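> The chain contents come next:
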Amino acid sequence: MATKKKRAKQIRQIQPAELVKLAEDHLNRGQIDEAIQNLRLVEKEVQPRVTADGRKISTPPHMVVAQAATPPLLARAFSARSLNVADPKQKLEDLEVAVKYAPEEIRYRIAMGACRILLGQSEAARSDFGKAEEARPGDAFTTRAFTLGLLATGQAREAGGLLNQWPEDRRDESWRRLAAIQRLSGGEDRDQLRAISDGDHLSSGLSHLARGENDRALEKLAALPAMDHNPSRAEAAQIATQFFYNGWLSFNALHYQAAIASWREANRLSQTHQLRLPWRDRLASCYHKIAETVLEEDLSLAIECWQEALKLSPDDKTAQANLAATRQAQAGEAWRKGKIEQAVALWLELLKHDPQDELLSRNLAVGCERLGRKTEALMHWRALARVWRRQAKQRSGELGFKERLLKVEERVVNLMLEVGMDGQEIVNELEAALKFDPDNLDLRRQTVEQLLEIGKPHAAMKHLDAMERQSGVSAESLTQKGMTLDMMGRHADARKIFEQAVAHDPSDALARRNFLIFLTQEAVRADNRHDKKRAMEICQRQLSLDQNYEPALAFLASLHLDSKRKADAKELLQRLISTDPKSPQKRALAGSIYLRHKMRKEAEAMFKEATNLESSPACFFFIGLSYLEVEEVKQALKYFDRVAEKGDVDIMIEIALRLVDAGYPKEIDRYLNKAIKLDPSHPTPHVIKAISRLLNPLTLLLEPNGLKNALKELEEAERLAAGSEEYKDISSELSQIRRHLEEAPPGIADLIGAGLPPFLFDDDDDDSFTERRKRSRKKRGRK
Amino acid sequence: MNLAALENPYKILGVERTASESEIKQAYFALVREHPPERDPEGFKRIRAAYEKLRAGGERAETDLLLIDEKNAAMSAEKLQRYGVEPPAITPDLIKSDLIALEAVLLMEEAITGNRN
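Residue numbers (the numbering used here), protein chains in the order written: chain P, 1 to 783; chain U, 784 to 900.
Just so you know, the hints here were simulated from the structure itself, not pulled from any lab data. Quick caveat: nothing in here was measured; it's all calculated off a predicted structure. Check before you lean on any hint, since a few could be wrong.
Claimed, not checked - Among the chain U residues that face chain P by a calculated CB cut under 10 Å, a handful are: (1) Val798; (2) Leu814; (3) Val815; (4) Gln864; (5) Thr874; (6) Asp876; (7) Ile878; (8) Ile883; (9) Ala884; (10) Val888; (11) Leu890; (12) Ile895; (13) Gly897; (14) Arg899.
Don't be surprised by glycine CBs; every beta carbon is placed ideally from N, CA and C.
If we strip away everything but chain P, and leave its shape as in the complex, we get (with noise of 0.2 Å):
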């Protein structure tokens, strides 16, 4: 704004002589609105003052020209700027002010008569026609604007009166076109018809049309000028018009396509010239007439027609319509043919005119999971869920609508699942959800599920507590209000409401379930604390519920060891092992547990009697970490090389980690080598080779090339890692860890000091080695 007030009083300081001449160089370059803008400036500047007491001030003299000149300057970019214009009631109030500023130029009246011819304001054309004529009589230009004018006004007989006076050398091609409309208008002059046969194409041609002589007037219509230049908008008026009426003619002998072409062709020169001739308006009602003949035999056909219809005017409802209408059928036939993708463009397409449709998002939501692409698919659920909640309480009457709306927010919350999305979005979602339905007890207990998820028991109690109010407390509800109390740190209430659970409906195995899970919990806690008493209840507790539940007859057996009660332990772990005699697993747990209280001959009779029911890689690795455990490592590695005969890669892995972890790295060379020769494309056994000698400081520092062994393995598996779909993300992280390595400073101390990326060391931490391990265990078990 600031910057516009300053240019205006630059302006302003320019002198008016020159401002006129600059405007004057505007209007030559066609910078009309530029020339008027500088022009009403000088106006201003230098029209006539009087003083106070209405004396008038003479203009100075340096101001007389430009107050002369800038009137019909005016005038002229007014006149000059209608031309520009497409819409005649603009080119009218345009040419009225160029006429006002120059009232003497005839040229300016006679636009603005035709202007009205446009505007259907024959009377006021003649009349505008009639001054210039007074104003100039004989003058040709203006005799031909007065015929004009009385051909507009239906007198055709004065019109051939003037026409008849023209002299025969003054008979050119307005004079042609004139004698054709008053041909038109029922003047029966022969030597007019002779000399229009004669004339141009579009009037010669028109004249046989008017006749009902299509094919001649086909004939004419068809030969256009030959063009070697861009056509002046005089020339596009004719040679649009022309293209109309073949279109007109091809569409009467029912070749639509080229109708099409022609009108396509008319109407894009009209455009370019602005022009504003009556047949445009015609053309939709052509478009729509051909869409709905064709319609059943040529669909796209049809499509082209509402697409030319809405070229001319994008508000055309009908046209908008058909062509939803009609992409919605072609989306369909895709779908019913199983183009998804297809369907699924097309209804992309759709959306983008109508983004509230729920069919739409509907059937985009389905065709994208069709296609796997669950995040779209996901959008699309999401914005039918906001529909409908919306929606909810005016379609409650609707048959299923609640069930179809729950439906939907069941998707939304699996696929979020699914994606991956934080969880605090999908409570989110869910409780967007329970606004629209507070009722609803099963987005409630999603909620109080995602809730706990999370890590926010506090929040999923207050859902409980609304669950119970509103429909009284079950073994479920009860069972989620314990482990929220459980999560809260609550142990003693969650403890009551556990039982409570139980108690509500002995029968749910839910409720007991998550009632021995819980007390299993309570059991450790009490051990941690010393109070075996109290742990030892607990596992009472646990057998009273359940008496085969194994983890209390181990944890029991275990706490009698401890307390020297081998009997009661031995009998307890019979109890374990008949529960399934067949059992390896069962034996080898209680051999873990002799072995853990050095009950070093019990402990080898149930891993022989394991062995002997399942000598399988997973037994035996089983007993070689019981042994680790209790730092046995001889005996530990004895059980692990028995895996690695017949064990797969992961459990090499698995082995070469739980070393790591027991502080062995020393001696997984063996296993590792195993895991690459079973797997030569596996990365994770390099990354483990490199990690345990970089953490080992002695073996960094005993064993010549150490750190450059270890950065080679680093180098191994990145190149591995890159050529897997499964590892290529990694790839990056370990070319990031290789480089930190090679970066650090020498000296084993400063390499330790240097700080490795903790997700490669931390235990505790989810890193994602471990998480992808597991995954490829899961797949190789697939396989």
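Starting from the known structure of chain P, fit chain U onto it as the hints suggest.
Leaving out everything else, chain U in the frame of chain P:
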């Protein structure tokens, strides 16, 4: 529910999307009488599967949600919105008025630019 294998159960049972539970049931029993399992086991299986999809509230809601409406799979004259305005007949009067308008354009152009047309 398997999205890929969702055959239109309404079509199979020959009922409208708005059909009530009892209408669905009626249609199902009528079809079962026509296609008893011992004579047409495949047909019966199809009918039974369709009925299962529309029987219970939850199942039907899911079916309705995932079923792409095949009614939209064709653009027909019934769906067409008519423009309601017929192209005018080309008469000598219409041609005359077009020529007058064209002449007015040419006249205006010549008046302002001075270029002869």
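> Hints first: check each against the structure and report whether it holds.
Outcome of the hint check:
{"no.": "1", "hint": "Val798", "in the structure": "13 Å, violated"}
{"no.": "2", "hint": "Leu814", "in the structure": "22 Å, violated"}
{"no.": "3", "hint": "Val815", "in the structure": "24 Å, violated"}
{"no.": "4", "hint": "Gln864", "in the structure": "5 Å, holds"}
{"no.": "5", "hint": "Thr874", "in the structure": "8 Å, holds"}
{"no.": "6", "hint": "Asp876", "in the structure": "8 Å, holds"}
{"no.": "7", "hint": "Ile878", "in the structure": "5 Å, holds"}
{"no.": "8", "hint": "Ile883", "in the structure": "5 Å, holds"}
{"no.": "9", "hint": "Ala884", "in the structure": "5 Å, holds"}
{"no.": "10", "hint": "Val888", "in the structure": "5 Å, holds"}
{"no.": "11", "hint": "Leu890", "in the structure": "4 Å, holds"}
{"no.": "12", "hint": "Ile895", "in the structure": "5 Å, holds"}
{"no.": "13", "hint": "Gly897", "in the structure": "8 Å, holds"}
{"no.": "14", "hint": "Arg899", "in the structure": "8 Å, holds"}
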